[in-house]
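Asker: Residue strings, one per chain:
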Amino acid sequence: MSRILVVEDDAQTATEIVDALVDHGFSVDHAADGRQGLLMSMAGGFDAMVLDRMLPGTPDGLGVLATLRATGAQMPVLILSALSALDERVRGLRAGGDDYLTKPFEAVELTARLDALLRRRHVPGQQTSLRAGPLEIDLLTRGVRREGETISLLPREYDLLTFLMRHAGQVVTRTMLFEEVWGYRSEERTNVIDVHISKLRQKIDTDNRPSLIQTVRGSGYILYATD
Amino acid sequence: MRLTELRRTTGFRLALMFLLLFGTCSSLLFAFVYWQTVGYMVREQEGWLRRESTNFSSLSTDDRMLRLREHMRGDPGMRRPFGEFDATGHWLAGNLPSLPVEMQQTDRPVNFHMMYAGARVPFRGYSTHLPDGHWLVVAQNVHEPYEFEELMVRAMFGAGLLTLIFGLAGAVAVGTSSMRRIDAITLAIRRIVTGDLTERLPVQRGGGDLSRLTHEVNGMLDDLERLVHEVKGVCDSIAHDLRTPLTRLLGGLERALRRASTVDEFRLSIADAIDEVGSLLHTFNALLRISEIEAGARRAGFTQVSLSTVLTDVVEFYQPLAEEKRLSLQFVDDAASVAVAGDASLLFDAVSNLVDNAIKFTPPGGTIQVRLDAAHRQLSVVDSGPGIPPGERKAVLNRFHRSEPSRSTPGNGLGLSLVAVIARLHDMTIEISDATPGCRISLSWSGTEG
Chain A
1 MSRILVVEDD AQTATEIVDA LVDHGFSVDH AADGRQGLLM SMAGGFDAMV LDRMLPGTPD
61 GLGVLATLRA TGAQMPVLIL SALSALDERV RGLRAGGDDY LTKPFEAVEL TARLDALLRR
121 RHVPGQQTSL RAGPLEIDLL TRGVRREGET ISLLPREYDL LTFLMRHAGQ VVTRTMLFEE
181 VWGYRSEERT NVIDVHISKL RQKIDTDNRP SLIQTVRGSG YILYATD
Chain B
1 MRLTELRRTT GFRLALMFLL LFGTCSSLLF AFVYWQTVGY MVREQEGWLR RESTNFSSLS
61 TDDRMLRLRE HMRGDPGMRR PFGEFDATGH WLAGNLPSLP VEMQQTDRPV NFHMMYAGAR
121 VPFRGYSTHL PDGHWLVVAQ NVHEPYEFEE LMVRAMFGAG LLTLIFGLAG AVAVGTSSMR
181 RIDAITLAIR RIVTGDLTER LPVQRGGGDL SRLTHEVNGM LDDLERLVHE VKGVCDSIAH
241 DLRTPLTRLL GGLERALRRA STVDEFRLSI ADAIDEVGSL LHTFNALLRI SEIEAGARRA
301 GFTQVSLSTV LTDVVEFYQP LAEEKRLSLQ FVDDAASVAV AGDASLLFDA VSNLVDNAIK
361 FTPPGGTIQV RLDAAHRQLS VVDSGPGIPP GERKAVLNRF HRSEPSRSTP GNGLGLSLVA
421 VIARLHDMTI EISDATPGCR ISLSWSGTEG
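Respectively, the protein sequence lines represent chains A and B.
Final position of the first sequence in my numbering is 227; the numbers increase by one with none missing.
Final position of the second sequence in my numbering is 450; the numbers increase by one with none missing.
Rather than coming from a laboratory, the hints here were simulated on the basis of the structure.
Since the model is a prediction, treat every value here as computed from it, not as a measurement.
Note that CB positions come from ideal geometry on N, CA and C, so glycine has one too.
Take the hints with a grain of salt, since some may be wrong.
Here are some of the chain B residues that sit facing chain A, going by a computed Cβ distance under 7 Å [to be verified]:
#1 I274
#2 G301
#3 L321
#4 A341
#5 F348
#6 T436
Which chain A residues stay away from chain B? Per the calculated CB distances, all over 12 Å, these [unchecked claim]:
#7 M1
#8 A14
#9 V18
#10 A20
#11 Q74
#12 R89
#13 G133
#14 S152
#15 P155
#16 G183
#17 N191
#18 S211
Looking at chain B on its own, in the form it has when it is part of the complex (with noise of 0.2 Å):
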């Protein structure tokens, strides 16, 4: 066991200080309940010494002597001993064989000792010096209130001593089962950090506040393998994206050097490799974009955009391109105007590649329509293309993923993330379904800002 360790768990500490605050409890009310019960006991008595006392001292000497001598007779045990001695500490009368000293010139109640049967016993008494002389002296056995307080006193001790065993115990208990499981969950951190981002923390049954921390702790932690395993497949993907053009403009140079002997045909070459680094260095400004976007510092910009402009340009903006691969590209709405806050160009660019993508995929003959919902504030794109799976339909939306039958376009793969990203920045929700046949994406957004 490690003490030191131990003594630093919360859940022992907590133990210790509520067993202080119950012992601290539990003395003042003791001492209350005794003081309370010794105090009314020590009145009674002394009330019942003084009454006794006064009526003995109220009777003339003789009818004191011959109460005393009755009184004797009743009280054998010397439960309360009376007595009556002359100036000088002599006996004359009544059961008590002596004059303690202690009740010699005295007015109050004393306590004193005497021997009797043996035994040295506590008595307690109250003496008055009588008109004659004499001394009457009025005391009581007090061994048995004696008794009573030692028990009390003895019952609280040992009352006390079995609270601190036990609340010891339990506070090692608690403490050391916290010990175990801040043991358990540091080791799984420990894990965590070296590498092992499946691994989360144990979980205890019941809940408990240490539980529910735990149980944030591994939702953040599922969010967390699930970015890291993101970004990762983001990174394979440049990799494997950027890969792909860098190997053609390295094969095309390394022709050209073997090759080429004209000036021409070096400028071809040269032609060829610019292009070729303008189309990664577009991917790279596309990828920086996003980011920016997501980063949301154009909010600052926004202004209130009317849709029905953005979207006609749009559809105007591509309609050769449409036309070129015999598409009908229609903007279809329901004739009511909508503002949203927001920036036109992104807004653009986001409808844009939803309009990009659309021609790419239809084949020649189909039908793409830009539709506007004011009713529903909603917009889509709609096209009679081949659509996209729905398991594929959240994949879609991450940056580099092309589906299979894509990747023989031209595109980079950005599409749709720009889209999403332009979306969660003017707070609108995507939404990839099917449009029986073919595809549609709609951008919803709420009703605060129309």
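Pulled out of the complex, with its shape left as it was, chain A reads as follows (with noise of 0.2 Å):
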């Protein structure tokens, strides 16, 4: 089980966070301000951190992580920030962070992410292929086959698949899909990426076999590695 340091100051939203990610299933500790948020990340043991931009005295969301990015700490980091600081992303991210998420959120993108971010951690950096139940991926040659049959797929699609696979069995938002396959980020026309879903869906999932990548309803998509 993942251990999650949640540092927010606000009392109802890191209610709400912690609910969000104990019923995802993960061990999650709250600290209320940035300098406990500190000394209990440095005690160790966390898996990822997530971590409110705007916290009242010092040190303030930034602080915290350039303070721990100091001592050598890698652990990944989530940054919660208002509506009104989106154009602090770029310094968030710069400062250390792995991922920036705006407030208010669904419960769903901030687990995805955080599944995301676990994933990536684990997984070894100099990686030749994908695998996941009958789909495989050569990462060299770019070549895509289920069951030993080839696919041919666009680099788009491609793109799109590999991002799935590498996050198996975990539920992908849409705005995740259109930040890390098309590289924009918006709210927006995220319904669009649900036809390149189903033009994926009907390279892969040919002679009727049972679709691998399945929609979850109001949040996502999710590809099973189960065969």
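Take the two lone chains and join them into the complex the hints point to.
Answerer: Right under this line is the structure:
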């Protein structure tokens, strides 16, 4: 079970976050200010941290992050920030954050992103192939196969499938896909992604075989790794 | 007449100030002229008196008597009375009947009065103590110069009084008229404050600074009225557009409560409700995004963005959707690379909104072109759809505006207003025109960024 540290000063928001993470199966600790958060994170034992950008007093969110990174801690950090601080996203990521989420957000978006961060951490850097159930991708030749059968994909479809396979078994939201696969950040027009997914499904689920990519109602998609 | 209020008006105060200034200046000028004139006259007199006195003093006693008698004959009107008196003050010769008290033991011109022809007449004289012990007095009637001086002073006071009266009257007139105008303006403002936004401040013909001010304020009021109407329109639209999904939500939940019996049925109703709430939330997020972009905070995160990359990505992103509707979606550019200072995600949003609309409204079999014209600093989305009637072209950029035929299609009516605010953030101008047939929406930017 992954241990997550939540640093959030607002009690209500903190409760919501902690509940969502516990529901998702994480073990969660909570710190109410930057000082406490920093002490707890330095003590170690956490797999990831959810950090509020705006914390009262010193250090604030970025201060905590900078100090943490200065000690050489590699734990993935997801920064939360109010809507008005959208332009500070770059600053947050530059200070050593791994992902950035603006308030208000849906619980599924937070847990999906945390899953992705934790997964990224466990994946060895020099992978040459991906495998999920019957699907196989050769990352060097960009060849895609299902049960040995070659499937030809457009570049974007290949990126889409690679991302889903890297996070096989996890919910991936449309916003995450749009951000990672297309490289733009927006909550608009994500319904167009459904069309891309259905195109991809048509290509990989040939001969009426069961669909590997499932739609998670209200959240996004999941690629099941089981046969 | 409210005197205290009149006293406070700028017009009245200014008029009074000028009156005071004018009065002071004229008084100074008059005083200068007066002193100069009177001084000149006195100097001339004294010069003459001294000369005559010297002339007489240089003569022998007998000659003096002779000359004095001659003088007496030539001056019967006592205009220039001369006289010689012995040491005790007894008259010896001349037409001055007696030695005035003031004239004894002095060597400088002195003023004195004497009775002549039943009147007290002013004289100015000069007495000399001659070597033989006699007093010689040379004098001049100064009634006329005195009168002249008096006339001058009287004229000054008269003129001053007239100036004061006319000036005060003018000040009152100016003050009253400005007070009337201010009163009218205040009244108009009061009506505006109490809610009548159609009221305008009265503007007088012929300009003037107050007119210029009221003109500006009226311009401001025009803007304000327009904005209030817009806000009201937006509020109405929000209320209207949100009522529909909320009613659906309520209806669905009530139906579930009445009819659903199995867990699966409840699950389905809840899922429907979640969808409705999700779309409501989406609308609110879109609204918030628009106002956030409008606030301009994201300008801080601007980088150089390659427009051809963004446009290619949009076209690629929408290609499957276009294919589904059997539309041809193409990217056409003039092969020059263009970079503008901007936010790539927002520009993607803007163009994808335009493409999204084009796909929504173009009938199957049509074409959509995303054009990048680097030479004319313009990008445009051109479709072969029904187009937007000229009368509606400005309104479609407003929040929640949806043209009648589009009411049936899904959407929140915020797309084009999002495009408009993103364009404004990037200093781009948006233009909607006919592509005959179809619609053409262009974004143009100025030359400095390219």
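Asker: For every hint, state whether the structure bears it out.
Answerer: Going down the list of hints, with the structure as the test:
Interface hint status for I274(B): upheld, as the beta-carbon distance to the closest one in chain A is roughly 5 Å, under 7 Å. Because the smallest distance between the Cβ of G301(B) and any Cβ of chain A comes to about 5 Å, under 7 Å, the interface hint for this residue holds. Nearest Cβ of chain A to the Cβ of L321(B): about 5 Å, under the 7 Å cut. The hint holds. At its closest, the beta carbon of A341(B) sits 14 Å from a beta carbon of chain A; the interface hint therefore is violated under the 7 Å criterion.
Checking F348(B) against chain A by beta carbon gives a least distance of about 5 Å; that is within 7 Å, so the hint holds. Proximity of T436(B) to chain A is violated relative to the hint, the smallest CB-CB distance being about 28 Å (cut-off 7 Å). Under the 12 Å C-beta cut-off, the non-interface status given to M1(A) relative to chain B holds; the minimum distance is some 28 Å. Chain B leaves A14(A) outside its interface by the beta-carbon criterion, the shortest separation being 22 Å against a cut-off of 12 Å.
No beta-carbon of chain B comes within 12 Å of the beta-carbon of V18(A); the shortest separation is about 22 Å. Every CB of chain B is more than 12 Å from the CB of A20(A) (nearest about 16 Å), matching its label as outside the interface. A cut-off of 12 Å between C-beta atoms confirms that Q74(A) is not in contact with chain B; the least separation is 27 Å. The non-interface label for R89(A) is inconsistent with chain B: the shortest C-beta to C-beta separation is roughly 8 Å, within 12 Å.
Even its closest Cβ contact with chain B, about 25 Å, leaves G133(A) beyond 12 Å, as expected for a residue assigned away from the interface. No beta-carbon of chain B is positioned within 12 Å of the beta-carbon of S152(A); the least distance is around 16 Å. A Cβ of chain B approaches the Cβ of P155(A) within 12 Å, the least distance being about 9 Å, so the stated non-interface status is violated. Not every CB of chain B lies more than 12 Å from the CB of G183(A), the least distance being 8 Å, so the non-interface label is violated.
A beta-carbon of chain B is positioned within 12 Å of the beta-carbon of N191(A); the least distance is around 9 Å. No beta-carbon of chain B is positioned within 12 Å of the beta-carbon of S211(A); the least distance is around 17 Å.
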